[in-house]
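Undergrad: Sequences listed follow chains C and V, in order.
Using my numbering, the final residue of the first sequence is 1000, and nothing's skipped along the way.
Using my numbering, the final residue of the second sequence is 1000, and nothing's skipped along the way.
It is worth saying that the hints were derived from the structure and are not from the lab.
The reader is advised that the hints may include incorrect statements.
[As the list claims (entries may be wrong)] Straight-line C-alpha distance at most 30 Å; calculated DSSO-like pairs for lysine-lysine: (1) V:K798 x C:K708; (2) V:K349 x C:K298; (3) V:K787 x C:K787; (4) C:K479 x C:K311; (5) V:K838 x C:K708; (6) C:K787 x V:K260; (7) V:K260 x V:K708; (8) V:K838 x C:K798.
[To be verified] To be clear about the criterion: a stretch of chain C counts as covered by chain V if any three or more of its residues have a C-beta under 8 Å from a C-beta of chain V, and this derived list gives those stretches: (9) 785-793; (10) 966-978.
[Said to hold, decoys possible] Restraint ranges, calculated between C-beta atoms of paired labels, are given here: (11) C:K798 x V:R575: 33 to 43 Å; (12) C:G760 x V:R800: 29 to 39 Å; (13) C:K260 x V:K708: 52 to 62 Å.
Yeah, the Cβ is synthetic: ideal placement off N, Cα and C, and Gly gets one too.
2 protein chains.
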Amino acid sequence: MNWVLTETAFDPKTAKAYEGLFTQGSGYLHVRGSLEEHLTDCPQNIDRLRKPTNVTAERFPETKAKWGTYVPGIYGPHPFLNWELINLPWFLDIALFADGEKLDMELSNVRDYKRELNLRTATLKRELTWCTKTGKTLNVLFERFASAARPHLFVQRLNIFPQQDLVAEVSAGIDADVRTNGHDHFQSIDFSRIDDNNLSCAVLTDGNDTVWMQTRLLSRNVGSWEWKQHEKKAEFRAQIQLSSGRPFVLEKRTAVCTSRDLDAASCKEILETACKSTYEDLHAEHCAVWEERWNRSDVVIEGDDESQLAMRCAIYHLLRAHVPNDPRVAIDAKGYAGEAYFGRFFWDTEMYLLPFYLYTDPEKARTLVDFRIRTLPGARDTAASYGYSGAKYPWEADRDGHDSCPNWQYADHEVHVTADVVYGFAHYATATGDRSFLTNEAAEAIVETARYWLQRLDWRKGDNYPSILGVMGPDEYSPITNNNSYTNKMVKFALNLAADIGSHAGASSEECGEFRRAAELLPIPRREDGLVLQCEEFEKLAEPRFEELWKDRSLPFAAQVSQERLYRSKCLKQADVLMMMMLFPKDFTEKEIRTAWEYYLPYTTHDSSLSAGVHAIVACRLGLRKQAWDFWKRTSSLDLDITHGGAAEGIHIANSGASWQVAVFGFAGLATALESDILTIRPNLPDSWKRLTFPIVWKGQQGRVEITHEHCSVTNCSNQPLEIAIWDKKAVAGPGETVTVYLQNQDNQPEPG
Amino acid sequence: MNWVLTETAFDPKTAKAYEGLFTQGSGYLHVRGSLEEHLTDCPQNIDRLRKPTNVTAERFPETKAKWGTYVPGIYGPHPFLNWELINLPWFLDIALFADGEKLDMELSNVRDYKRELNLRTATLKRELTWCTKTGKTLNVLFERFASAARPHLFVQRLNIFPQQDLVAEVSAGIDADVRTNGHDHFQSIDFSRIDDNNLSCAVLTDGNDTVWMQTRLLSRNVGSWEWKQHEKKAEFRAQIQLSSGRPFVLEKRTAVCTSRDLDAASCKEILETACKSTYEDLHAEHCAVWEERWNRSDVVIEGDDESQLAMRCAIYHLLRAHVPNDPRVAIDAKGYAGEAYFGRFFWDTEMYLLPFYLYTDPEKARTLVDFRIRTLPGARDTAASYGYSGAKYPWEADRDGHDSCPNWQYADHEVHVTADVVYGFAHYATATGDRSFLTNEAAEAIVETARYWLQRLDWRKGDNYPSILGVMGPDEYSPITNNNSYTNKMVKFALNLAADIGSHAGASSEECGEFRRAAELLPIPRREDGLVLQCEEFEKLAEPRFEELWKDRSLPFAAQVSQERLYRSKCLKQADVLMMMMLFPKDFTEKEIRTAWEYYLPYTTHDSSLSAGVHAIVACRLGLRKQAWDFWKRTSSLDLDITHGGAAEGIHIANSGASWQVAVFGFAGLATALESDILTIRPNLPDSWKRLTFPIVWKGQQGRVEITHEHCSVTNCSNQPLEIAIWDKKAVAGPGETVTVYLQNQDNQPEPG
C-alpha cells in the first residue's frame, strides 16, 4: 500500500528525472536508476568544463541519461571547482540483443512497460514486452537492489520469457569511460578477466584512492562467455538459445570496495561469499534490514495516498543516503544521487537532515555530528585562510572539511553555517539527552567557533554594540548584508553555548565572559514598528517587481532575471527571518511571527528547495491551514515532479528532511528538544489526513505518536516513564502505556477544560 | 638626455619586470623585452588553469621570463575566462654558442652587461662581454626595434666582436610552443622553409584567425644555414668562424600579418621589400616616425631627471600601445605588454588614456571613441543579457565589445563604465571642437545607453527620486552599494547629454524629457554635515583597522587580508568620490573637496594603479604641494619600480595616462575642455622642477605651454587667434604669438593685480 513509485511509460524527456528518483543505495554505495542496457546515442564520456555559477539558475547538459555510481568519501580534484564526489565506473551494464537488434527503450517496439521502485524493499523492477523487428516477442524483467545487508554488494537479475524460439545475445560488463561534471578523474583503469564469468575493474582516482569492482555473471542458460576488452570498458558476451516458454535467467553480482575501507582481496571475497547464496536469500536478508529501518521511521498517513507515497519516498532516500558507522562523511546535498552540488556537505546537514535521524535513529545522527567534530581541523584551516584564528566551518565542505565552494559570495559570506553546526551539536545533545556530548566531544569545536566569531565581529564607529557585517543569510539573494537576523540569532545561540561549556575546552572565564557579552549585545535589527528585519538595509533594496518580471512561475525567478537584479532587490530565495522564527519560536510573539510572515512572504520566490518546508511548519504554527497544506504539497512533491526535472540532478535530500519535519514538527506539532524539555505535541492535522502515526525517539526513550481528527495519543514503548504534553495537557505515560487526549474542533485543539 | 631606460646587471629576479618595461611595439605588433637567447630552464609552454579572481591580489606564476608577442585584435576563447588576447609565436629567438657553451645570462660568465631602451628611438640595445668557459672573450651587441614606419616589420641585429679566433654557432628561428595565461590557443602550426635563410610560420588560432610570420636571416659571415624543424619550433643553425677583431653581424627581420588585415602573400612581400633596405635605412625611417610622435607629445621637465625619464617612459608606452587607424581595437589594460587583464578594454580607455591623445594627437583619440561606437552592438547584447533594452558597455570588453569579465561582481555591478564611455564621447567632441560628433556618430550610442539607464533605475518604496542600486563604483572594495556618488554623477552627465542630443538619434521629446528628469532627480548622497558619501551605506561599513592588519605597506592591503574583509570595510581601493570631484570640479566647493579628501584619504589603500594619479591632481588643486608631489612620485614610478614587480605582467598603461594627466592637468593646471571653454592654465609647479613645457592641441589649434617658477606662457602655434587664460588672466594670442604671465609666490600664483 503506497510503497511503490511507478513509471508507466518510457520517455527520454523524463528519463533523467526517474533515474535520479530511482537511485538505490546501501549507504556505502549508491547507483542512479539507469537502464541496464542504456540508450543509443547518449555518450557518458563527454568532456565539459562546468563553470562556477549560481546552481539555482544553472543549466545542466541536456542529456537523456546520466549514469551515477558513488561511494561516499571517494573525491577527486576538479580542475577549478575544487574537490568533488567522483562518478565511478558503471557496472549496471546488461544489454540484450535479438536477431541483431538491441533492446532499446527509445528505438525498440516495447509495450506493457512498467518500472517500479518498491520503497519498502528498496528494490527496482522493470517489466516490459519486447516485439522485435523480426516479429519475436519476449517478456523481459529486470530486478536489482543494493544490498542493505552487505553494503559492498549490488545484485541484479534479468529474466526473459521468450514467446518463440530465438537466438539472442546478452552482454554485461563494466564501463569506466565516465565523467564527473564533465571531468575524467581516473589516473588509470585496469580490467582483468578473473575467470570465465568474472571480471574486475580497478581505477586509481586523481584523489589517489583505488576503487575495485568485481562482477560475476551467473546463468545456467549460458554455456560460455566471450571476453571483450576495450580501452575503458570490458564485458562478457554470449549467444543464448531461447526456447519458447522457457525462462532465461541471468544474474549479475558486483562487489565494490575502495582503498578508503578495504582492499582488492576483500572485494573478491565479498563477491565470492555472496555468490554462495541464492538471489532470493540475498534479497530476503536485504529486505529484513529495510524492514527494521522502516519500523524505526515510517510515518503512516491514512486518507491521502499521494502524501503517504511522497512521505515514504522522502524517508526512503533519507534512509538510503545515510552512510552507516562512517563519520568520515556526512550526507551530500544531492543525497548521493547526482553531481550538481559536487557531493559536498552544507548546512543542510544540521538544519534539514539531522532532525529526522535524531528523532528516529540517534546513532545515525551521531555520525553526522561526528563528521563535524572530525573535520574541525578543516574548519580551523578555513578560518586561517581568512586570517582568523578559531574555526569557521565551510559553506561547502569536502570530505576533509575544507571549503570547496567555488563561488566566493557563498564561501565568504554565508557564515551562518558555523553557528548552524553548533546548533546541530546542541540539538543532538538535547534530543538524545546526552548533554555530556557538549562538554566532551563537541566542546573544542564549540569554543573554537566562538573564538572565530569574536574576531568576525566589528564595532562600528558610533555603535555601542558589535555587528556581524557583510554576510549572506539563508536568503542567498542578498549576498552581502549587515546584521542578518538569522545569522546573529544563531551566533548568539552558539556564543551562549560556548560561554556555558567553554571551561571544558580550556576557555578562561574571561574568554567565556566575552562570548556571553557578544551574545547579549549582537542586535536583531527591527524596523521602528517592530518588524524584524532580515538585515539592517533590507528596506533600502529595490522592489522585485514580480508581476512584470516573473513571467513563468513554474520556473525559478532566478532563471528569468539576472543575478544583478536578484542581488539588489527585496526578492528572497527562501525563508530567512521565518526560518529563524521557526527555530527559536519561544523568542518571538505570535504577532511578530505573523507580521514577518505577511511582510516577507510576498517577497519570497521559494527558488530554493529549502524554502517550502519551513513555510509549511510556520504556517502550521500560525494556524494558516490552507497555506500549510499548499507548502506541504510543494515540499513533498519536489522530487516527484518529473515534468519539472524532479530529481534529475540528484535528490533534494534537504527537502526530504524538510518533508519529514513538516509532518512531524508541522502537522503533528512536535516541539523539538531544544524548544521543550518534555515530548510535546500540538497537532494540526490536514483535513484530508485521517490518521498520522509515527515512531519517535525522545531522549533515548522510544515512543509512538498517533493523531486523528478526534484524538492524539502517545504510546511509551520504553521501560521508563515518559513525560508528555499534548497541547497544554501534561501527563506521564508509564512503560507500555498510551496517553490519549481527545480533540474537539477543526484546528485540532483539545477539548476545553 | 633622460631618454634612456637602463638595466645594468642581469638578475633573474627582476628579469620579468624589465621584460615588460622594455616592451617594443609598432601599434600593430608588440613584443615584450625578452632576451633573444632566452634562459635555460624557463619553459614557456606550461599549461595552467588561471582562475577567475581579484587580479590585485592574484599571484602570477613565478617564472623568470614571460614571452609576449601580441597583435591587437587577435583573440581566442579561454576555456572558462572568456576571450583573451593571444600570445603569438615567439620570433625574437637568436641563440649563440661558443665552444659548445650557450650564451646564457644566468649561467655564462658575462661582464659589462648593459641593456638600454632608448625611448626617443624606441630601440633596444644589449651590450655585454662574454668570457666563455674555454677562456675566449666576445663582445656582443644585440639591437632591435619594431618598425614604426613599417608596422608589420620587426628588425633585429646581432654584432659579435671576438677577441680571439673561435668556432661558434648561431641559431635563430620561431618558437610556437607558447601559451597565453597557460592556455594553448593554436589549432594548427605550420612551418615552411622558404629558402636558404627564410622561414615562415603560420598558426591558426582558436579564434579562427591565421597569423603569418616570415623571418629572414641576413649575414655575410654565414655560408649556409642548416634547417631544423621540431613539432612546434623551427630554426636555422650555422657554424661560424669568428676571427679575432673581425666583427660578425647577423640580422634577423620578421614580418607579421594576420587574416584580420592582410594575407600570407603580403607578409612575404613586406619582408622582401624590407630586405632591400639596410638596417641603417630601416632604423632611420623608424626614428623619423618616432621623432614626429615626440614632437607632438613630449613633456619636458627640467631640473628633475628622474621625473623627466619617468614621464617619457609613460609617454613612450602611450605612443607605442596605440594602434593607428584601427578602431576595431582600443588599448588594453596592460598596454599590449602582458596578459594579466587578458588584453581587454576597460573604463581606463576613456578616463585615463583618452586625454593624452585628445590633447596631443586627436586623430588617435578618434580611434578610441570609434571603438566604442563600433562595438555598440556588443553593448546592446550586454544589456540584453541582463534583460534590459538599450546598451550597456561591458566592464571588460573583448574585441567585439562583449563582456568577457569572468568575475560577476565587476561585470554585473561596475556599471559606471557605460556612463564613462559617454563622458569620453563628450570629452572628444569638446576637446576637438567637433560637437557634431555627438549629434552624428555618437548619437545612437548616447541614446541607447540612456535607455539602459532608465531601466536600470529603481524607485524605492517611499522615495520620491530614482536610485541606482547595487553598484560598484571606482572603489572596487565596495562591491554592491546603493547610489554610488561617482556613478550617479556620471549617469546624470550622460542622461543630460542624451536629453540634449536625443532628437538626433530618434528619441522623442517625451523620452528626452525622461532622460532629463532622471538626471535631475538622481541623488548624490551626503551625510548630515554635508560630506559627500561614496554611497548611501558607506558609514555602515566596518573600520578597516589598517594599523593592525596592514602589516607590510609595500604590498597591497588586498594581499594581506581576505576579500571578505575588504568587502565589508571602509577601505577604498582607489579614488572614488575624489575622482568624481576631479572630473566635475565646478560642481563642488573647495571646502567640499577638502572635506572629502580628509575623510576618504585615510581609508584609501591605493591598491589600484588608478588611484595615485587622481590623488596627485586633486592635491594640486587643493594646494597640497607635498602630497601632490608624493602622489606624483608614486604614479610616475610604478612601472619603473623593478623590485616590486613593476611591469612584470604588463605596463600599467592607465597609470601612464595618469602620469601625463598629473603633469598637464595637475602641475600645469590645464583645465579640460569639459571644464573650460578656453585654454586655461593654473600652474602648480613642484619645487624641484625648473621648467615644464609641452605641446597641446586645443580644439584643433596647436599650442605650446611653458611654465617656470617665474612665469607661465602659452604659445599659439596655429594660424588662428587662441583665447587663453592663465589663472584668471585672460588674453588672446595671435598666430605664432606667445602670451606670458609672470608669477610671484611659491604657489605659482600670478602677481596680484
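Undergrad: Decide, hint by hint, whether the structure agrees.
TA: Against the structure, the hints come out as follows:
| no. | hint | result |
| --- | --- | --- |
| 1 | V:K798 x C:K708 | 22 Å, holds |
| 2 | V:K349 x C:K298 | 45 Å, violated |
| 3 | V:K787 x C:K787 | 13 Å, holds |
| 4 | C:K479 x C:K311 | 22 Å, holds |
| 5 | V:K838 x C:K708 | 24 Å, holds |
| 6 | C:K787 x V:K260 | 50 Å, violated |
| 7 | V:K260 x V:K708 | 58 Å, violated |
| 8 | V:K838 x C:K798 | 50 Å, violated |
| 9 | 785-793 | holds (count 5) |
| 10 | 966-978 | violated (count 0) |
| 11 | C:K798 x V:R575: 33 to 43 Å | 38 Å, holds |
| 12 | C:G760 x V:R800: 29 to 39 Å | 36 Å, holds |
| 13 | C:K260 x V:K708: 52 to 62 Å | 43 Å, violated |
Against the hints set out earlier in the document, violations occur for numbers 2, 6, 7, 8, 10 and 13.
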